Amino acid sequence: QKEVEQNSGPLSVPEGAIASLNCTYSDRGSQSFFWYRQYSGKSPELIMFIYSNGDKEDGRFTAQLNKASQYVSLLIRDSQPSDSATYLCAVSWDNAGNMLTFGGGTRLMVKP
Amino acid sequence: GAVVSQHPSWVICKSGTSVKIECRSLDFQATTMFWYRQFPKQSLMLMATSNEGSKATYEQGVEKDKFLINHASLTLSTLTVTSAHPEDSSFYICGAQGVWTGGPYNEQFFGPGTRLTVL
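Protein chains in written order, with the working numbering: chain A, 1 to 112; chain B, 113 to 231.
Check before you lean on any hint, since a few could be wrong.
What the hints assert, rightly or not - Restricting the straight-line Cα-Cα distance to at most 25 Å, the calculated cross-link-like pairs of lysine-lysine (BS3-like) are: (1) A/111 - B/153; (2) B/153 - A/42; (3) B/167 - A/2; (4) B/132 - A/42; (5) B/153 - B/167; (6) A/2 - B/132; (7) B/178 - B/153; (8) A/2 - B/176; (9) A/67 - A/56; (10) B/126 - B/167.
For the record, the hints were derived by calculation from the structure and aren't laboratory data. Keep in mind the model is a prediction, meaning the values are calculated, not measured.
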């Protein structure tokens with residue numbers, strides 16, 4: 001059974017701070033990792049993907065992957081109230097992003 | 113990114129009726145479509161995967177005779193919830209994926225979701 005675990009939150013950070021979202025996964029053979037943002041009542045939208053160990057930066061977002069520890073994180077710098085949403089970690093067994101397994105999501109609240 | 117539409121966006125029906133949800137890829141050919149269900153405050157749970165022209169593959173615990181999936185073309189997949197009951201009330205989301213051309217990964221594009229309420 002492939003599992004993806006996230007702290008459900010809510011994670012509350014002040015505007016301008018760094019929000020750190022964490023995710024662990026059980027399948028050591030997982031190949032690619034995705035972070036989605038989901039606003040209430042809406043479908044998920046892709047923020048970042050990563051498949052190599054280390055950091056990957058895109059604007060205010062940085063994804064970090066540690067395959068040895070089976071851990072992936074998302075850092076959001078200069079958090080804005082518009083970043084308030086649920087962040088879903090998803091894991092795939094291949095590099096093509098097939099068969100995503102989603103975590104339960106972490107609710108982020110950025111307070112002005 | 114590519115656009116995926118779902119119809120209807122919300123539906124209310126009586127218990128025992130059947131409801132059909134359509135998922136369309138508007139500007140690309142979706143060789144694979146995924147159907148998810150999301151209950152309040154929970155994550156997306158994959159129900160089934162369908163490849164165009166083939167029978168859908170259902171996840172464990174999902175009744176294939178209750179959730180009928182048809183992926184008859186490269187731009188359309190339908191999910192029919194047969195004899196719906198209140199416990200089927202949920203947010204249903206489709207994901208569409210085209211042919212992988214060998215890039216970093218093969219992105220799955222999500223539809224806006226369909227909220228089903230069964231009375």
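Are the Cα positions of residue 67 of chain A and residue 56 of chain A separated by 25 Å at most? This hinted pair holds, its Cα atoms lying about 14 Å apart.
What's the verdict on residue 126 of chain B and residue 167 of chain B, does the C-alpha distance respect the 25 Å limit or exceed it? Not OK: residue 126 of chain B and residue 167 of chain B at ~28 Å, beyond 25 Å, violated.
Verify the proposed pairing of residue 153 of chain B with residue 42 of chain A, using a straight-line Cα cut of 25 Å. Judged against 25 Å, a Cα distance of about 13 Å means the pair holds.
Holds or violated: residue 153 of chain B to residue 167 of chain B, with C-alpha atoms at most 25 Å apart: violated, 31 Å
Restraint status (C-alpha distance of residue 178 of chain B to residue 153 of chain B at most 25 Å): The given pair, whose Cα atoms are some 24 Å apart, holds under the 25 Å limit.
Mind checking the alpha carbons of residue 2 of chain A and residue 132 of chain B for me, to see if they're no more than 25 Å apart? violated, 30 Å
Restraint check for residue 111 of chain A with residue 153 of chain B, where alpha carbons must lie at most 25 Å apart: Given that 25 Å is the threshold and the Cα spacing comes to 21 Å, the pair holds.
Is the straight-line distance between the alpha-carbon of residue 2 of chain A and that of residue 176 of chain B 25 Å or less? Within the cut-off at roughly 22 Å; holds.
Given the hinted pair residue 132 of chain B and residue 42 of chain A, is their Cα-Cα distance within 25 Å? With a Cα-Cα distance of about 20 Å, the restraint between residue 132 of chain B and residue 42 of chain A holds, given a limit of 25 Å.
Would you check the hint for residue 167 of chain B and residue 2 of chain A, treating anything up to 25 Å between C-alpha atoms as holding? Roughly 24 Å separates the two Cα atoms, so the pair holds.
Of the numbered hints listed earlier, those contradicted by the structure are 5, 6, 10.
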